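Undergrad: For the record, the sequence lines run as chains A and B. The first sequence lines up with residues 1 to 823 when you count with the numbering used here. The second sequence lines up with residues 1 to 324 when you count with the numbering used here.
No lab work stands behind these hints, which were simulated from the structure alone. One or more hints might be untrue.
To be verified - In the DSSO-like style, the derived pairs of lysine-lysine whose C-alpha atoms are separated by at most 27 Å in a straight line are:
(1) B:163 - B:258
(2) A:500 - B:222
(3) A:500 - B:278
(4) B:276 - A:500
(5) B:163 - B:197
(6) B:276 - B:197
(7) A:500 - B:311
(8) B:151 - B:163
From a predicted model like this one, the values you see are computed outputs, not experimental measurements.
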Amino acid sequence: MMDTSGTELPLRLQVSSCLKTLSTSRDSREIVHALRTLVSCLEDGESTRIHHTRALQVLVSARGLHWFSRSHDKDEEEMKKLWGEIIIRGPAEQTLLILLDTISSTGESEALDRCVSALEIFLSAARLQVLLWSRCEVGGASSNSPQLTETVIGHLAALPSITSNHLHTNTPDLFLPQQYYPLLAASILDTLEKTCHALRAGQDCSLGFVSQVLGKVCIQGYSSQMFETLGPRLSSVTRVDSLYQRVTQKLLENVPERCTESVITGLIRSLSGAAAVSRLMGNLVLTNKKAQFVLTHKLLLQQYQHPTGLLKSVLGYLAVDSERRLLLKQVLRSLCQVWCNSSAVKHTCVEQQLYVSKALLLCVALLDDSEIQELRQEMLQCMLGGVQCRLDSNVERIRRMGMVVGECLSHRLDTPGSQLKFQYETDEEISELKSLMESLSVKDDEEEQPDTSNSLQRELKVEASVLSQSVASDPGNGNESELDSDDDLTPYDMSADQEKKKSAPPRYVRDCLEGLMSSDDAERFELSLQVAETLLRKNVKAAQEVSVQFSKVLLHLEDRYNTALFLSLRQNAMVALTVTDIKPVVDYWTTEFYALNYSLRQRLDILEVLALAAQELSEPITNKPTVAQPITAVTALGQSDDITHWRHVVDQRIQSKTRRISKGVTQPVKAVPNRYAAVAGFFFFPLLRSYDRPQTTFDLLGGDHLVLGRLMHTLGLLMHLAVNAPVVSQMGRALLDFVWAVRFHTDQMVRRGVMFAVCAVFLSMPSENLLTELGDDLMETRAWLADVAESDCDSYCRSLAVQSLMLMDKNLKSQLHIPDMEI
Amino acid sequence: MMARPPPDPLYILRGSGASVNALHFCCGGDGPPLLYSGSGTGAVHVWNLSTRRAERVLESHAGNSVIWLHTLNNSRSSLISQGRDMRVCVWDLSEGRNAVTDSLHTGSVGFCQCSLLESQPGSTLLAHPTQHMEEVSVVEMSSWTQVCSLKLDSNLGMLMCMKMWQADSGPVLCAGYEDGSVVLWDVSHRRPFSRLKVHPEPVMSLDVDVYRQKGISGSSEKILQSWMLDNKKSLQMHDSVQMTNPGVSQLQIRADGKILASAGWDNNIRVFGWKKLKPLAVLQHHTDIVNSVAFSDHQDPTQRLLAAGSKDQRISVWSIYSES
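Looking at chain A on its own, in the form it has when it is part of the complex:
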């Protein structure tokens, strides 16, 4: 006792005298000497902790320490070296805390620079490892207060934030997250290794501190940087070392509960394959409730941003161990529930549905036959319900997803003779979904890479031998084959050689109509359909005589002979009819749209034709040379034709008599009447007439929401094409009324149509009319649009809502500014 106090006393005295010198002296010799003494005093690590801390505090904050710049070069070198030694030798925790505290409390000064460089020295001298390890040794630093521990963890985890908050752009690269966290991760790895050694040597260790550090870093959002380094290394080490496996599992177990999610997610993302996950995590999912929740619920059902690889890892991890397979079954049950939930189909976005579908397929692929039998009832229910509500959807992607998943499930259920089979076009998404059903191996990706070079060579060889065989076995046609072949003559492309039609295409509108009605002659039918459009456009008078009859025939036309381009030919003819004899044909279309006994397809056709015809009418006539023929001009423009003709003739005369010196200038665009403006009402209002009168075969507001969506869309188009027409205000008012009734429709296609229509109204209606029309509903409309823009599950709806909001605001602004200007 005496002895220790005896040595301590002079040590303390010595240290304090040195520090005194350092803080006051300005002579470099003296300072160097003091430093040297200090270093030698502090050599003996453990017993000098307190002194060291004090020394550091003094050194860092001493006002007089501008000695670096004042001194001679040689002294400076010496000083720097000694300074570094103090940093490196000192207790790591205190050093780190002091340095960081100083950095965060000191303004821009020499002392700050010194601390920054000290911290750099600290980090690059692997002091982090020392720090972490000191906390692992049981009994070593366990006496520390929890408060201090918390502070140290906080500082360790947030070093990049603390430093860059004060240093701003002057932060050294080493402190940036991209460099610091990998360094920290490497230190953790090193600590784990040391732990293994210690355990082998029979020494106890505690990983609590490291786990807390890891958790803290991950929850701050740096899990990817950490696990970039940790993941692969741990995965490869644990493959051979079972002790290391236990250490890692322990590490993960000790992670605080609130950090579990970010740690596990980061870990799984960094690993490839379920086997690696299983090695590192052990049965964590069984012992840790939080981990179980994250793995079986959160990652699968609540989030959907993860890559498919993560799903494979998670589900594979659950499948590897027999104890965990119970959880896998549980997961399948909940996935089934979600997948067949019709409300989920309607209210979650497509991406999430895809994610859940993937999880479901993976899960089914991982279960073995006996388990499938056990879960058969649930799966069957899920399949039937899910497929049905997806097929009801108007979004093609969702329908296809339903079909594929349905097929895969029914295939797995293996109901004899009653497997589902759908027709759909395969794309990347579909083939990815299908590929998930192929048996999964839970091995690591690195392990299962086959020796491709060998097998490839073998294949090549086989191919070559087949080739040579076929060459040898080709007998040729007798002896003349060599001499008498035409091989020296290369054929030309003969694809244009097609069968000639026997009958001539019809040359009169009535013949064409008859050809379309004749049910037996395929060729005649085909030819009639092909020329219908041109005939109708060329012979306006004749077309007008039979327009309604022709429309009827076209509307009921069936593709009996599998005619090429049937749909577009028919549609073009229908459009041609509509624009040549506008009023009667449009009347016919709009009446038939609500009539009995039409298929959805026919009703959709009517809408499409109306939209296309309106578009064509609204375009300037000059773009259509066929329509601009004199004969068309006479009939289409009615009374005004005299004037145009007369003007045309005069213009031509002037043109021919005028001598032009320069011909470079292009003619200005001539204004032409919009043919649609006058008839927009015929197109528009009849379609709004009876939407709320359901019939036995057609219920627009009920089951036929596909048509409703298209109708909204078409109305929006008709509205937009009528921009600047006098009737547009009435149209806008009517459309807004209509929209108001269906704005909360559950089908996203309908909502898309609604948003489109609203956009069209805002675009085409004059702003002063718009405001008066909206009137009291203005605020409510705004609120509704804002709500859609924020929370609709369909991204297209959201973007359209944003667009409408902007248009509305623009209208509002321009409207509110005008009175100001006038005053």
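Given chain A, work out where chain B should sit, using these hints.
TA: For chain B alone, coordinates are given in the frame of chain A:
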């Protein structure tokens, strides 16, 4: 490898004023290569293939359709033409003349084209149809004396087409009939060597490759049928090729025996490899039935052109498989 796109015509000869029924090249002698064409209104155009213009137009056959043209003695100045006015005319075109020096009344009202055989100088045989539908008459040109009349006892229907050539044993004539048969005649002995029912429909055209002893015939169907002449001069079916559209007006084998051209009712000219009947090209230009095809007899193989005359009044000239 992508197949080459089909070639375009080398040039088009316009201005015949009526459908073109018969074509004949003449490249021998002095001067530019010539192409004779016979039209549906009795005009015979002589086309200079260097200037690509009609050098002269002969009004013939009293405005009746010309169905066959040939030069005599390989001379560009003497021409023989057959018209629907039941006459065969011999023309003297030398030194700017255009006079009919001789003519023969055949009495045939059909479409069968004559066939000429210049076996030795001074003796030229002409096979022509007669007023008896199924009869072939072979005459000595210099005197119009009939050498023989060939007619089978069984009813084969109308004579449709024929080709005469010189074999070791004497002149041989191959004729196609309305019932689809092809008959090989021994002209000197006035008897048939053999008879083969090749088509179910009338034989529209035939051509024979004398060197290979192989012939080809087409009818109003989609199929072209080739047949062989074996050592005993009997006809054997050989090969066939399918076309996309039915009907051929004329078949021509090129002199070098490499390719075969067909004038199709579907407005297309088809080119086949002659040895295996491999389809090689479909030449699309005409807008109406192609009536006639002819290969040039130019000395330089690279200048051997293919000409086709059509009902659309145009003659298209093609250079196809003529690179050496």
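Undergrad: Each hint: holds or not?
TA: Verification of the supplied hints:
1. B:163 - B:258: holds, 19 Å
2. A:500 - B:222: holds, 12 Å
3. A:500 - B:278: holds, 21 Å
4. B:276 - A:500: holds, 26 Å
5. B:163 - B:197: Cα-Cα ~17 Å, so holds.
6. B:276 - B:197: holds, 21 Å
7. A:500 - B:311: holds, 17 Å
8. B:151 - B:163: holds, 15 Å
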